[in-house]
Structures are given as structure tokens and as C-alpha cells.
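Going by numbering that gives the first Met the number 0, the residue at position 107 of the sequence shown is 106; the numbering climbs one at a time, nothing skipped.
Everything labelled a hint here was simulated from the structure, so no lab data went into it. Do not take every clue at face value.
To be verified - Computed spacing ranges between beta-carbons, pair by pair:
#1 74 <-> 178: 26 to 34 angstroms
#2 2 <-> 130: 43 to 51 angstroms
#3 125 <-> 99: 39 to 47 angstroms
#4 94 <-> 71: 36 to 44 angstroms
#5 44 <-> 174: 38 to 46 angstroms
#6 178 <-> 2: 39 to 47 angstroms
#7 168 <-> 101: 19 to 27 angstroms
#8 74 <-> 2: 39 to 47 angstroms
#9 16 <-> 45: 17 to 25 angstroms
#10 93 <-> 145: 22 to 30 angstroms
#11 27 <-> 71: 17 to 25 angstroms
#12 147 <-> 96: 19 to 27 angstroms
Please read these numbers as outputs of a predicted model, since none were measured by experiment. Glycine is no exception: its CB is placed at the ideal position from the N, C-alpha and C atoms.
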Amino acid sequence: MTLEQVVIGLIRIAGSLPVLRWALAGALIAIVVDFSDLFFMAVIDLGGLGDYQSFDKWVDLVYMFSFLWVANRWSGPERTIALGLFAFRMIGFVLFEITGARTVLLVFPNVFEFWFVFVAIRLHYRPSYQMTRGRLAKWLAVTLVLKMGQEWVLHGGRYLDDFTLFEAVEAIWDFVIFWT
Numbered sequence: 000m001t002l003e004q005v006v007i008g009l010i011r012i013a014g015s016l017p018v019l020r021w022a023l024a025g026a027l028i029a030i031v032v033d034f035s036d037l038f039f040m041a042v043i044d045l046g047g048l049g050d051y052q053s054f055d056k057w058v059d060l061v062y063m064f065s066f067l068w069v070a071n072r073w074s075g076p077e078r079t080i081a082l083g084l085f086a087f088r089m090i091g092f093v094l095f096e097i098t099g100a101r102t103v104l105l106v107f108p109n110v111f112e113f114w115f116v117f118v119a120i121r122l123h124y125r126p127s128y129q130m131t132r133g134r135l136a137k138w139l140a141v142t143l144v145l146k147m148g149q150e151w152v153l154h155g156g157r158y159l160d161d162f163t164l165f166e167a168v169e170a171i172w173d174f175v176i177f178w179t
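Model the full structure from these sequences, guided by the hints.
Structure, rendered in C-alpha cells:
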């Protein structure tokens, strides 16, 4: 293990913990810190990350287990769906570790993450919102579509593989300026 892996891993672990106190804010912090790898890989040179995808998936487990801890305190179908989505992603994680094929991550997307954020938003802003079967199906479909889009960008099209955070921000800036 390189010093760079230790530093980035500790940052990711620290970013995963606020969710245990503040579900919504903590989840958003964990997700932002998850993407911070792009920044840190560009500015830290302490031995590299080796197999980045495998490293990333292992460190993701910290925030996922933190999310799971919180989701396990929920009740009703939101909890059941969260636990099922977590188990589904764990199957994908194990298969990814066995095969190393990023396409596995498309077949087993981390919908758990987006579902968790959705439920945290609902509980924070609209706790009295009734989750009927129809609404559960609708919101689960929305989280699936959004997550599949993200998974395709990351693992299907691999659009960010050759970008550092600085290059990604510059490309987005150039795109925005072009259209203004």
C-alpha cells in the first residue's frame, strides 16, 4: 500500500462519517469526498493508487456501510428497499473483485447510494410524504435511471478515466462558455 493510498483512504473514511450524525448532509459530504479522488490524484504524488478501480470500490465500502447503518434505522419499505439495494451492490462488488470487469458495475449499479440520498431528502424535507407502492416504484425508477447514467459515464463510456479534476472543470467551463 502506498502513502498516497493511505492519505486518500483516510480522507475518504473521514468523509464517510458525518452521515452517522446527519443523514442528508453527511450523505452529500460522503459523495463529494468520494469524487475528490480526481482532485487528490492530480495534486498528490506519494506513490500512486495502483489499481484505482479496485481501491475506489474498497474505500467506497466505508461510506456504504455508514449509509447502511443509518438506513437500518429506517422503517417500512424504504428500509427494506435500501437493504436489498445494498445486498445487490455487494454481489456486484464481489463479482467485480473476482473478474476486474467494469461492466459488472453496470449490471450491478450502486442504486443504494441514490436511494439513500432520496430517502434522506424525503425524511428531512417531507417526513409526512406517504410512500405508496406507486410512489415507491416511481422514485426507485428515478434513482435507477439517474444512477445508470452516472455508472455509464464512469464505467461504460469511461468518460472521466483520462481527466483530472482540473481538466474536467476546464472542459465543463469551455463547454459552458461555448454556449453563452
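Structure-based check of all given hints:
One distance hint, 26 to 34 angstroms for the beta-carbon pair residue 74 and residue 178, is violated here, with the actual separation near 46 angstroms. Range check, residue 2 to residue 130: about 46 angstroms between beta-carbon atoms, so the 43 to 51 angstroms window is met. Taken as a hint, the range 39 to 47 angstroms holds for the pair residue 125 and residue 99, whose Cβ atoms sit roughly 41 angstroms apart. A hinted range of 36 to 44 angstroms is violated for the C-beta pair residue 94 and residue 71, which are about 24 angstroms apart.
Between residue 44 and residue 174, the C-beta spacing of about 29 angstroms breaks the proposed range 38 to 46 angstroms. Against the hinted window of 39 to 47 angstroms, the Cβ-Cβ separation of residue 178 and residue 2 comes to about 42 angstroms, which satisfies the hint. At about 24 angstroms, the beta-carbon gap between residue 168 and residue 101 stays in the expected band of 19 to 27 angstroms. Separated by about 44 angstroms at the C-beta atoms, residue 74 and residue 2 satisfy the suggested range of 39 to 47 angstroms.
Taken as a hint, the range 17 to 25 angstroms holds for the pair residue 16 and residue 45, whose Cβ atoms sit roughly 23 angstroms apart. In this structure, residue 93 and residue 145 meet the distance hint of 22 to 30 angstroms, their C-beta atoms being roughly 24 angstroms apart. For the pair residue 27 and residue 71, the beta carbons lie near 20 angstroms from each other, so the given range of 17 to 25 angstroms is met. Remark: the range hint 19 to 27 angstroms for residue 147 to residue 96 is upheld by a beta-carbon distance near 21 angstroms.
Going down the numbered hints, you'll see the structure goes against 1, 4 and 5, while the others check out.
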